[in-house]
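Novice: For reference, the chains in residue letters:
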Amino acid sequence: MKSVMLYALSTCPFCKMAKRFFESRNIPYNFVDVDLLPEEEKEKTVAEVQRISGRRAFPVIVIGEEVIVGYDELRIREALEK
Amino acid sequence: MTSERILCPVCQVAFPLKEEKVPGKRVVCPVCGAVLVLEKGDASWVLRRPQDITPEEEIRARVENFARLRGYRFNEMKEPLIEALLKKYERYGDFYCPCKIDNIPENICPCLETRQGSVERNGRCHCGLFWK
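Here the protein sequences come in this chain order: A and B.
Positions 1 to 82 (our numbering) are the ones given, in order, by the first sequence.
Positions 83 to 214 (our numbering) are the ones given, in order, by the second sequence.
I should point out that these hints are in silico values taken from the structure, not numbers from a laboratory.
Keep in mind that a hint or two might mislead.
Unchecked claim - Pairs of lysine to aspartate or glutamate residues, derived as EDC-like cross-links and limited to a Cα-Cα distance of at most 20 Å, are as follows:
no.: 1; chain 1: B; residue 1: K103; chain 2: B; residue 2: E86
no.: 2; chain 1: A; residue 1: K16; chain 2: B; residue 2: E165
no.: 3; chain 1: B; residue 1: K160; chain 2: B; residue 2: E138
no.: 4; chain 1: A; residue 1: K16; chain 2: B; residue 2: E86
Quick caveat, the model's predicted, so the values are computed rather than measured.
All chains should be modelled from the sequences, with the hints used to inform the complete structure.
Specialist: Here is the structure:
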């Protein structure tokens, strides 16, 4: 099974929808609420998000090698099935 | 008659104010939809954010005005996003975009990319508050 990583913000509704998507389908995933991290770790994580997605906006979902910026259910499904 | 341009303290865009200038008059920014109050400053007229409404009333009026001005619509995402914007206001002092990490002026809702037409290009704003 592909690894799933969700970079989220605790204030972002689409991030919550992404969490619900994985949970309701029992898809194992890791996530981090970036805004709740301690300052130094937050900066590092945001830099990583910016490097992989080109943006400082959330959610960013990494499924295997694929990076999905924003909540796009169709792309998530496709990436999981590939 | 030329109309004086006046700066919106929310989106920082100066727009022409054609209406009669009366202290305390409510004005809606035609760029971001913010509800503002006209006041006489030291040298000229200024617009300020209203102090007599709650943060929730302020952001609700602003997003409603912006959607009306641009012809956008809302859906079931609206209420969670209003809640999220209020959370940002409580935590960081202004209505910064709930889906962006940087609490900076260009991310105040409606954020710069939304004011610059991202809804036209993508069908919705990044957060899903405004829809085409």
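Novice: Run every hint past the structure and note whether it holds.
Specialist: Consistency of the hints with the structure:
Between the alpha carbons of B/K103 and B/E86 the distance comes to roughly 10 Å, so the proposed pair stays at or under 20 Å and holds. A distance of roughly 13 Å separates the Cα atoms of A/K16 and B/E165; the hinted pair therefore holds under the 20 Å criterion. For the hint pairing B/K160 with B/E138, the CA-to-CA distance comes to about 13 Å; that is within 20 Å, so the pair holds. Distance check on the hinted pair: A/K16 and B/E86 sit about 45 Å apart at the alpha-carbon level, beyond 20 Å; violated.
Comparing the model with each numbered hint stated earlier shows that hint 4 is the single one that does not hold.
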